[in-house]
Amino acid sequence: MTQSRRYWIPSVAFCAVLVTGGLAAWAETVYVQAKTAQLRSGKTSLDAVVGNVKYGDALDVIGRDGSWVEVKTAAGAKGWIFSNKTSSTKPSGTNDTLARLGHSMRGGDASATTASAGARGLDKASEGYADRTGVSARDRDAVDRMTAYQIADQEVEEFLREGGLGEYAK
Amino acid sequence: MRNNHVVAASLFALSLTVAGCAEVQRAGEDIARQSGNPRLAGAIHGVGNVVGSLFPIGYEEESSIGQAMALQVVARYGGVVDQPELVRYVNLVARAVANTSDRPDIPYRVAILEHDSINAFAAPAGYIFVTRGLLKQVRNEAELAAVLGHEIAHVSQKHILDIIQRSKRLAGVTEAGLSYATSNPAAFKNVIDGAVKKLLDEGLDQGKEMEADTIGEIFAARVGYDPEAYVGLLTRLRELKGDDRALFKTHPNFSARIEAVQKTIQGKHLAPTGVILQERFSRMTKRV
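Chains as they are written, first to last, in my numbering: chain S, 1 to 170; chain Y, 1001 to 1288.
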């Protein structure tokens, strides 16, 4: 009896460690699948924003309710995120390691902008292409402006809110 | 002797690939050059380019391709519409859809082509075009979101890049490396001309178009637009153009597309939301 108790206590402790560790290993992780996203104190778009996360961030899932997921960030911040802004698989990203390596090995500078172009402008390759194909100054300017065209994230958010889209759905 | 150089260079480049170290490749070139063996340096460089061409195209190169293609699209379609409010609205719809797409981390920009044909295109790196003629056929924001979702899907799935990488035309170019666009502009022009021909004249294959319909429909639904809206637009276009002549002359016929979209709605359980935003669309596009 004494001997069995001697083994019983460590066995329970060992199992507890296994279960705890196992649960931790099985904890669900989601990734931010939007350019940016907000964490809110509750599961509606009317709840206060308690944090911001960005594309590719890993989040531990605490719970789910309808279109919202309660999560914890790597830094420990907790909040609710709109489920359509998350993915169960890690996004590969635009310039993954293989692509960067390939570009490096090909050794090019195709995207360097022309010196005359200033902060925006056609890159050298496109400028050369335009020269060789006789693209007019008007059309070059159109693509130049298109390339430089920007809309602030906040404007997009306001557009969604006005339209009752995304997390602002009524 | 020459064969030995090539074998040595190949092994060296391969080892660099495995090691993932382009810096070492350049160091190898320098050492070979300094030791009076320019041929070996050239071989290492050349083999490095070939090996490098086997890797996916990164965003910087994609951007060069997209920009050059955009020049050709704008030139062929007679320029772009200069109505800032309208352009801003179309771009906002695109951003709304793109932000929760499978590739939200690149800039998407939409230009409206000054053309009465009913058409839309996407070049790599997020260069998207819709014609004025197409906008005239669209009746609400949900339909526009579905059209833009289709084009965003072409970008997110890298359909054009896939074609470029597979093309035999490019096979002759990759030895010089696509990034040599500035030092080998004739080769770059061949690549772009081939891709533009595919995009504007020959069309992508039907599988890619169907995939863009399916994925674009999901992108638009994710942000809350009513998924039935796209069916409405395609049905109307079928009535307008008939099934013998597809909307975009190279696309699958409308009946097949409508059926595929309906299957997506059912299979992916895309719930009707009723959000079509007709009033906002009419207000913002009244000068189309």
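Hints may contain errors.
Unchecked claim - DSBU-like cross-link-like pairs, simulated, lysine-lysine; straight-line CA separation at most 30 Å:
| hint | chain 1 | residue 1 | chain 2 | residue 2 |
| --- | --- | --- | --- | --- |
| 1 | Y | Lys1158 | S | Lys54 |
| 2 | S | Lys78 | S | Lys35 |
| 3 | S | Lys35 | Y | Lys1241 |
| 4 | S | Lys170 | S | Lys54 |
| 5 | Y | Lys1241 | Y | Lys1263 |
| 6 | S | Lys72 | S | Lys90 |
| 7 | Y | Lys1208 | Y | Lys1241 |
| 8 | S | Lys54 | Y | Lys1136 |
| 9 | Y | Lys1136 | S | Lys170 |
| 10 | S | Lys35 | Y | Lys1263 |
| 11 | Y | Lys1263 | S | Lys90 |
| 12 | S | Lys35 | S | Lys170 |
| 13 | Y | Lys1158 | Y | Lys1189 |
| 14 | Y | Lys1268 | Y | Lys1241 |
| 15 | Y | Lys1208 | S | Lys170 |
| 16 | S | Lys90 | S | Lys54 |
| 17 | Y | Lys1286 | Y | Lys1136 |
| 18 | S | Lys90 | Y | Lys1197 |
| 19 | Y | Lys1189 | S | Lys90 |
| 20 | Y | Lys1198 | Y | Lys1208 |
| 21 | Y | Lys1268 | S | Lys35 |
| 22 | Y | Lys1241 | S | Lys170 |
| 23 | Y | Lys1189 | Y | Lys1241 |
| 24 | S | Lys78 | S | Lys170 |
| 25 | S | Lys54 | S | Lys72 |
| 26 | S | Lys170 | Y | Lys1198 |
| 27 | Y | Lys1268 | S | Lys72 |
| 28 | Y | Lys1241 | S | Lys90 |
| 29 | Y | Lys1158 | Y | Lys1136 |
| 30 | Y | Lys1197 | Y | Lys1241 |
| 31 | Y | Lys1208 | S | Lys35 |
Calculated from the structure, these hints are not laboratory results.
Note that this is a predicted model, so its numbers are computed, not measured.
Results for each hint:
| no. | hint | result |
| --- | --- | --- |
| 1 | Y:Lys1158 <-> S:Lys54 | holds, 22 Å |
| 2 | S:Lys78 <-> S:Lys35 | holds, 19 Å |
| 3 | S:Lys35 <-> Y:Lys1241 | violated, 38 Å |
| 4 | S:Lys170 <-> S:Lys54 | holds, 25 Å |
| 5 | Y:Lys1241 <-> Y:Lys1263 | holds, 23 Å |
| 6 | S:Lys72 <-> S:Lys90 | holds, 16 Å |
| 7 | Y:Lys1208 <-> Y:Lys1241 | holds, 22 Å |
| 8 | S:Lys54 <-> Y:Lys1136 | violated, 36 Å |
| 9 | Y:Lys1136 <-> S:Lys170 | holds, 29 Å |
| 10 | S:Lys35 <-> Y:Lys1263 | holds, 29 Å |
| 11 | Y:Lys1263 <-> S:Lys90 | holds, 27 Å |
| 12 | S:Lys35 <-> S:Lys170 | holds, 23 Å |
| 13 | Y:Lys1158 <-> Y:Lys1189 | holds, 20 Å |
| 14 | Y:Lys1268 <-> Y:Lys1241 | holds, 29 Å |
| 15 | Y:Lys1208 <-> S:Lys170 | violated, 34 Å |
| 16 | S:Lys90 <-> S:Lys54 | holds, 13 Å |
| 17 | Y:Lys1286 <-> Y:Lys1136 | holds, 10 Å |
| 18 | S:Lys90 <-> Y:Lys1197 | violated, 35 Å |
| 19 | Y:Lys1189 <-> S:Lys90 | violated, 36 Å |
| 20 | Y:Lys1198 <-> Y:Lys1208 | holds, 12 Å |
| 21 | Y:Lys1268 <-> S:Lys35 | holds, 23 Å |
| 22 | Y:Lys1241 <-> S:Lys170 | violated, 37 Å |
| 23 | Y:Lys1189 <-> Y:Lys1241 | violated, 35 Å |
| 24 | S:Lys78 <-> S:Lys170 | holds, 24 Å |
| 25 | S:Lys54 <-> S:Lys72 | holds, 14 Å |
| 26 | S:Lys170 <-> Y:Lys1198 | violated, 43 Å |
| 27 | Y:Lys1268 <-> S:Lys72 | holds, 28 Å |
| 28 | Y:Lys1241 <-> S:Lys90 | violated, 42 Å |
| 29 | Y:Lys1158 <-> Y:Lys1136 | holds, 28 Å |
| 30 | Y:Lys1197 <-> Y:Lys1241 | holds, 23 Å |
| 31 | Y:Lys1208 <-> S:Lys35 | holds, 25 Å |
Hint violations for this structure: numbers 3, 8, 15, 18, 19, 22, 23, 26, 28, all remaining hints satisfied.
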